[in-house]
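Colleague: One line per chain: the protein sequences are A and H, in this order.
Position 149 of the first sequence, counting from 1, maps to 151 under my numbering, and the rest follow consecutively.
Position 44 of the second sequence, counting from 1, maps to 69 under my numbering, and the rest follow consecutively.
Please keep in mind that the hints were generated in silico from the structure rather than gathered at the bench.
Each hint should be verified, as a subset may be incorrect.
[As the list claims (entries may be wrong)] Pairs of lysine to aspartate or glutamate residues, derived as EDC-like cross-links and limited to a Cα-Cα distance of at most 20 angstroms, are as follows:
1) A:51 with A:256
2) A:121 with A:185
3) H:141 with A:148
4) A:215 with A:185
5) A:231 with A:198
6) A:231 with A:245
7) A:51 with H:170
8) H:243 with H:138
9) H:243 with H:228
10) H:243 with A:245
11) H:243 with H:231
12) H:166 with A:256
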Amino acid sequence: MNDDDFGRGIISQAEWHRPSVRWGIGTAQVLLLVGLVIGGLGPILLLAKGAITPTIDTITSPMSFFPHGAAWSNLREAWTTVHVGRYFWNTVVLAFGSWGVQIVVATTGGFALSVLRPKYARVINALLLGTLFIPTVVLLVPLYIEIVRPPLIHHSFIDSYWAVWLPAGASAFNVVLVKRFFDNLPREIFEAARIDGAGPFRLFWSVVLPMSKPIVGVVSIFAVLASWKDFLWPLLVLTNPNEQPLSVRLPSIESQTSLGVFLAAMFIACLVPIAGFLVFQRSFLRGSGLGGALKG
Amino acid sequence: MTSRRGLSRVQAVPRRTPVTWARGGGLTTLLFLLPLLFVFGAFSWYPIVRTVIMSLQHTNLVQPARWVGFQNFERVWHDPLFPIAVRNTAYFAGLALVFGYPIPLVAAVLMSEVRKRRGIYSGLAYLPVVIPPVVAVLLWKTFYDASSTGAFNTILGWVHLGPYPWLQSQQWAMPSLVLESTWANAGGTVIIYLAALTGVQTELYEAASVDGAGLLRKVWHITLPQLRGILLVTMILQIIGTAQVFLEPYLFTSGGPANATLTVLLLIYNYAFGNSLGGDYGNATALSLMLAGFLTLFSLFYLRATRSWSTR
């Protein structure tokens, strides 16, 4: 909130000048900040510390700071000996593919439903919105059977990355978000492009997509993050450890590695989401608010 | 086809035939819809229908599927683990509501009054949400170490409390799960409330100040009533989400100790994938349909019960 908004909040300007209010609110906000630092940042700092602390120190005195020096070797050992490097790469490939499928489905589908508007668009819209109300648990078992025994094709997709990439595209949330954005683009521009002789493909590629960078950015961020976080589905369909992403491997390597190396592996798994959050903080927070607005 | 086209040309009235439809751009439209129709058809609409069919069949992927009517539902209903799972899930959802519902609201209202560098507050609140859930659970598992040198027991030891058994005790396991889950999810709700708070009509605050209303009265009589729509939505979304809790009981405790954290979703997973001899997919789909049906009925009831209150 900048100075223009001063006094437009719950606390009026007159109240803000009263010392008791100032102190009371000030104390509450400082307490909140301390709580957020301890609660939000604390566990992650402990993870970072544990990642470079000798295992024995973390086990005997988890809250003390480097009683016997740091152990940077944890990170190296995790990356090479425990093969976190490979699992990290698997995670990147899975996230990239899921992102691609989600973007293609959401933009082409949103374009057809919002700009081209065939007569049957209403039916598809209803079917899409319907899936938002179905709890995801209902899909789990039949989707798994479908991957093991696909109809028509007699070939199991277990251990194929397509088994993760393609179902990721079935996000009605993405399509609705993109469609709403397209709905708000000025129609006159589409008409002008049509009069200038642009067909639907040209309209999509050269007019609508370049205007949609904000929404494509938000969908991309959440697509990559969701893929990075995903656990149960890749656990079910990717059975070969060499192909599994970090989130699936971490529980399996927990019992086989020393605590220090394990914490280092978990720390590496957090790096990309945290870095992405720091860079795109504004989009993250706006996107989450958007989600709330849509759900509301 | 050609005769119809000829006819329409004679009458000079364009009639809708597959050919005119394709010439009018219908085919291109369909081409654009193809990715959506394929992905949703194959991975959303078809599996939903398939669930209903499978819940009425006996399938193990080895023998051909057999129609068994409502036998799967009956077997789940009479499974001694079923009432335990339902009770545990309700306990988790209830505790998560007690812990997780008021905290984000209080935090968001306080944060909306921060005048400088509010980004730091919302950033810190949201940080746990971007941590991969598997990492969050496994990290908290190390914190919950039951020995006196576990991270939480060390901290509590400073004020001469504990050591507590955390995940290893039937009594404390579920609250421990809820604590981690609240930490991991509260930030998302805070951001939703912050967005909603920007839409509160500020003129009312000024009017109330002129009338001499204090801070708490303004929050109670102006802020909360204007937020009630979003408050009702976040509550039902949280209940729907926590009713499907899986990751925490699966990774923290595998449902133990003594089934104290066995939830409905974990039971579904165990039916379908827990048995190395082959899954009982009929039971799994029957139970997931029962959960989905319950959540749908609950949501409808909830929306009806709160309708007058949310739009008044």
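Colleague: Work down the list of hints and note, for each, if the structure agrees.
Modeller: Here's how the hints hold up against the structure:
1. Taking the CA atoms of residue 51 of chain A and residue 256 of chain A, the gap is about 18 angstroms. The hint holds against a cut of 20 angstroms.
2. Annotation: proposed proximity of residue 121 of chain A to residue 185 of chain A holds, straight-line Cα distance about 16 angstroms (limit 20 angstroms).
3. Restraint check: the Cα-Cα separation between residue 141 of chain H and residue 148 of chain A comes to about 53 angstroms, which exceeds 20 angstroms; the hinted pair is violated.
4. Restraint check for residue 215 of chain A and residue 185 of chain A: the C-alpha separation of about 15 angstroms stays at or below 20 angstroms, so the hint holds.
5. For the hint pairing residue 231 of chain A with residue 198 of chain A, the CA-to-CA distance comes to about 45 angstroms; that exceeds 20 angstroms, so the pair is violated.
6. Under the criterion of a C-alpha separation no larger than 20 angstroms, the hint pairing residue 231 of chain A with residue 245 of chain A is consistent with the structure, at around 16 angstroms.
7. A distance of roughly 17 angstroms separates the Cα atoms of residue 51 of chain A and residue 170 of chain H; the hinted pair therefore holds under the 20 angstroms criterion.
8. At roughly 13 angstroms between alpha-carbon atoms, residue 243 of chain H and residue 138 of chain H fall within 20 angstroms of each other, so this suggested pair holds.
9. Taken as a hint, the residue 243 of chain H and residue 228 of chain H pair is honoured in the structure, with Cα atoms around 12 angstroms apart against an allowance of 20 angstroms.
10. Straight-line distance between C-alpha atoms of residue 243 of chain H and residue 245 of chain A comes to about 56 angstroms, which puts the hinted pair past the 20 angstroms bound.
11. Between residue 243 of chain H and residue 231 of chain H the CA atoms are separated by roughly 10 angstroms; this keeps the pair inside 20 angstroms, and the hint holds.
12. A distance of roughly 11 angstroms separates the Cα atoms of residue 166 of chain H and residue 256 of chain A; the hinted pair therefore holds under the 20 angstroms criterion.
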